[in-house]
Structure formats: structure tokens, C-alpha cells
Amino acid sequence: DQQVKQNSPSLSVQEGRISILNCDYTNSMFDYFLWYKKYPAEGPTFLISISSIKDKNEDGRFTVFLNKSAKHLSLHIVPSQPGDSAVYFCAASDEDSSYKLIFGSGTRLLVRP
Amino acid sequence: DVKVTQSSRYLVKRTGEKVFLECVQDMDHENMFWYRQDPGLGLRLIYFSYDVKMKEKGDIPEGYSVSREKKERFSLILESASTNQTSMYLCASSSSAGYYNEQFFGPGTRLTVL
Numbered sequence: 001d002q003q004v005k006q007n008s009p010s011l012s013v014q015e016g017r018i019s020i021l022n023c024d025y026t027n028s029m030f031d032y033f034l035w036y037k038k039y040p041a042e043g044p045t046f047l048i049s050i051s052s053i054k055d056k057n058e059d060g061r062f063t064v065f066l067n068k069s070a071k072h073l074s075l076h077i078v079p080s081q082p083g084d085s086a087v088y089f090c091a092a093s094d095e096d097s098s099y100k101l102i103f104g105s106g107t108r109l110l111v112r113p
Numbered sequence: 001d002v003k004v005t006q007s008s009r010y011l012v013k014r015t016g017e018k019v020f021l022e023c024v025q026d027m028d029h030e031n032m033f034w035y036r037q038d039p040g041l042g043l044r045l046i047y048f049s050y051d052v053k054m055k056e057k058g059d060i061p062e063g064y065s066v067s068r069e070k071k072e073r074f075s076l077i078l079e080s081a082s083t084n085q086t087s088m089y090l091c092a093s094s095s096s097a098g099y100y101n102e103q104f105f106g107p108g109t110r111l112t113v114l
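If you read the sequences in order, they're chains A and B. Note that the numbering used here has the first sequence beginning at 1, numbered continuously upward. Note that the numbering used here has the second sequence beginning at 1, numbered continuously upward.
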């Protein structure tokens, strides 16, 4: 049973437009969420995170929104650039095992020039 | 800058062989992890270690074992490789300092078992 779900395996957007990647979770004990970005033949790299005490966190072109009641988070990239083309993983951790992350299945983003 | 290195980028082995995947981190992190990444399944945790000589099973430990004799090194062992262990293997490390701990990943080892 997947506790962290990314239901869209792929997303294609035009350069300059907004990319919205979605993630749903089932475990109400999750209290910290992260997004990782992965290029082919490289390991994932940390992008942005959010604690459950917040509903938004922004870092440059990247913003993560958290809706705890819906158990949903989303990553917004504005404006999208071709270099953003990668696989994006959502991950979550809970208070009892804060060093352990549960990952979603990933969404492949393609930003078209 | 945290650096996590893995001994091989690509590896081809035969069914039944014993396979060692090595991971080294240079940031004195307490926690180390082994994942496998498969299409449509994301990253699945195989084993993790929160201290030297300590290990815990992750979600898919069957067919794997690990060794952590030194703080900076975490090895994944496939005792008898099988074709269903063909995958991308990713090592990660994190600090226990603080409450929420970002994991830093190595470049991965693409293992093919024939």
C-alpha cells in the first residue's frame, strides 16, 4: 500500500509556463515533506521542503503548497525552463522516524522549448 | 558540500553471483540508506543504518544484506544475484542532528543481472 502517491507519471509544459506536480499521502502522521529532482544517470537532489505547520514554502521559482486536510501537496515551478526537465519525487517523513523518508513513484517533467 | 560516492556506475553480473555495492560519504553522517529505483515504483528502501554496526530492514530487504563496519561506509550485498534484482541502486546519507534530515544521494549504480 503506497503511502505517498504521485498519480501522474508524466507532465509536459511549454517553456515559460507554470508546471504543477502533485502528490497525495495517506498517513496523517507525516509531518515533513520534501521534493527531490533526478536527472538520468544521477542521484536525486534535494529541491525544497515543507513542514506540516506551514501551508506554503517558496524558494525562487519553486513553491510547495501543503493542504493537510486533503493530504495533498503540490510543487509549482514558475517559469518553467528546459533545464527543469527531470523526474520529480515527492517524499514524506513522520515524527517517529524523522530520518526515514517514504518516496512517491515520481513524475517525469518535460519542458518544451 | 556533502559527497556520497558509489563504487561503480554500471555493473553486469551473472545469476547466482555474489555482488557487493559500496557507498562512501564524507560528511560524518550517522544515517545511511540503500534504495532501489524501478520505473513506476519510485525509490524503495532496502536497508538503512543509523550507526556503525547497526542496521534495520527497509521495505524490500529480501535477497539483500548490508554491512557497516565504519561510519563512512555502507555496503549492500546481494548474496546470490537474480534477474529480478536488475535495477538502479541508490545510496544516501543524512545527519541525525536536528529534527528533519535531508538525505543526500550518490550517483547510483545501474546493476544488470544476466
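Any given hint might turn out to be false.
[Claimed, not checked] Listed below are several chain B residues computed to face chain A (Cβ distance under 10 Å; list not exhaustive):
no. : residue
1   : V4
2   : V12
3   : Y64
[As the list claims (entries may be wrong)] Cut-off 20 Å, straight-line C-alpha distance, at most; resulting in silico cross-link-like pairs (DMTMM-like, lysine to aspartate or glutamate):
no. : chain 1 : residue 1 : chain 2 : residue 2
4   : A       : K68       : A       : E42
5   : A       : K71       : B       : D38
6   : A       : K100      : B       : E17
7   : A       : K100      : B       : E79
8   : A       : K68       : A       : D55
9   : A       : K37       : A       : D59
10  : B       : K71       : B       : D51
11  : A       : K100      : B       : D28
12  : B       : K55       : B       : E22
13  : A       : K37       : B       : E56
14  : B       : K13       : B       : E79
15  : B       : K3        : A       : E42
16  : A       : K100      : B       : E62
17  : B       : K70       : B       : D59
18  : A       : K56       : B       : D51
19  : B       : K55       : B       : E79
20  : B       : K3        : B       : D28
21  : A       : K71       : A       : E42
22  : A       : K100      : B       : E30
23  : A       : K100      : B       : E56
24  : A       : K37       : B       : D28
25  : A       : K100      : A       : D31
26  : B       : K3        : B       : E72
27  : A       : K5        : B       : D38
28  : A       : K100      : B       : E72
29  : B       : K13       : B       : D51
30  : B       : K55       : A       : D31
31  : B       : K57       : A       : E15
No wet-lab data here; the hints were simulated from the structure. Predicted, not measured: the structure shown is a model, and the values here were computed from it. No residue lacks a Cβ here, since even glycine has one placed at the ideal position from N, Cα and C.
Outcome of the hint check:
1. Against a cut-off of 10 Å between C-beta atoms, the interface hint on V4 of chain B holds, since the closest Cβ of chain A lies about 7 Å away.
2. Nearest Cβ of chain A to the Cβ of V12 of chain B: about 16 Å, over the 10 Å cut. The hint is violated.
3. A distance limit of 10 Å between C-beta atoms decides the matter here; for Y64 of chain B the minimum to chain A is near 17 Å, and the interface restraint is violated.
4. Taken as a hint, the K68 of chain A and E42 of chain A pair is broken in the structure, with Cα atoms around 32 Å apart against an allowance of 20 Å.
5. Between the alpha carbons of K71 of chain A and D38 of chain B the distance comes to roughly 25 Å, so the proposed pair goes past 20 Å and is violated.
6. Of the pairs offered as hints, the one joining K100 of chain A and E17 of chain B is violated, with about 30 Å between alpha carbons and a cut-off of 20 Å exceeded.
7. Note on K100 of chain A and E79 of chain B: the hinted pairing is violated, with a Cα-Cα distance of about 25 Å set against a maximum of 20 Å.
8. Pair hint K68 of chain A plus D55 of chain A holds up; C-alpha atoms about 8 Å apart against a cutoff of 20 Å.
9. Simply put, K37 of chain A and D59 of chain A have alpha-carbon atoms about 14 Å apart, close enough for the 20 Å limit, and the pair holds.
10. Taken as a hint, the K71 of chain B and D51 of chain B pair is honoured in the structure, with Cα atoms around 7 Å apart against an allowance of 20 Å.
11. The straight-line distance between the Cα atoms of K100 of chain A and D28 of chain B is roughly 18 Å, inside the 20 Å bound, and the hint therefore holds.
12. This hinted pair checks out: K55 of chain B and E22 of chain B have alpha carbons roughly 15 Å apart, not beyond 20 Å.
13. As the CA atoms of K37 of chain A and E56 of chain B are separated by approximately 26 Å, the hinted pair breaks the 20 Å bound.
14. With a C-alpha separation of about 12 Å, the suggested pair K13 of chain B and E79 of chain B falls inside the 20 Å cut-off, and the hint holds.
15. Distance hint between K3 of chain B and E42 of chain A is fulfilled; the C-alpha atoms sit about 13 Å from each other, no more than 20 Å.
16. For the proposed pair K100 of chain A and E62 of chain B, the alpha carbon gap of about 19 Å is at most 20 Å, so the pair holds.
17. Note on K70 of chain B and D59 of chain B: the hinted pairing is violated, with a Cα-Cα distance of about 24 Å set against a maximum of 20 Å.
18. This hinted pair does not check out: K56 of chain A and D51 of chain B have alpha carbons roughly 34 Å apart, beyond 20 Å.
19. Between the alpha carbons of K55 of chain B and E79 of chain B the distance comes to roughly 17 Å, so the proposed pair stays at or under 20 Å and holds.
20. Proposed proximity of K3 of chain B and D28 of chain B is supported: the alpha carbons are some 10 Å apart, at most 20 Å.
21. Of the pairs offered as hints, the one joining K71 of chain A and E42 of chain A is violated, with about 30 Å between alpha carbons and a cut-off of 20 Å exceeded.
22. Only pairs whose Cα atoms come within 20 Å are accepted, and K100 of chain A paired with E30 of chain B is accepted, the gap being roughly 12 Å.
23. Restraint check: the Cα-Cα separation between K100 of chain A and E56 of chain B comes to about 11 Å, which is no more than 20 Å; the hinted pair holds.
24. For the hint pairing K37 of chain A with D28 of chain B, the CA-to-CA distance comes to about 24 Å; that exceeds 20 Å, so the pair is violated.
25. For a cut-off of 20 Å, the pair hint linking K100 of chain A to D31 of chain A stands: about 12 Å separates their Cα positions.
26. With a C-alpha separation of about 11 Å, the suggested pairing of K3 of chain B with E72 of chain B holds against the 20 Å cut-off.
27. Note on K5 of chain A and D38 of chain B: the hinted pairing holds, with a Cα-Cα distance of about 15 Å set against a maximum of 20 Å.
28. Between K100 of chain A and E72 of chain B the CA atoms are separated by roughly 18 Å; this keeps the pair inside 20 Å, and the hint holds.
29. Restraint check for K13 of chain B and D51 of chain B: not satisfied, since their Cα atoms lie roughly 30 Å apart, outside the 20 Å limit.
30. Annotation: proposed proximity of K55 of chain B to D31 of chain A is violated, straight-line Cα distance about 24 Å (limit 20 Å).
31. Proposed proximity of K57 of chain B and E15 of chain A is contradicted: the alpha carbons are some 42 Å apart, above 20 Å.
Consistency with the previously given hints fails for numbers 2, 3, 4, 5, 6, 7, 13, 17, 18, 21, 24, 29, 30, 31, ordered from lowest to highest.
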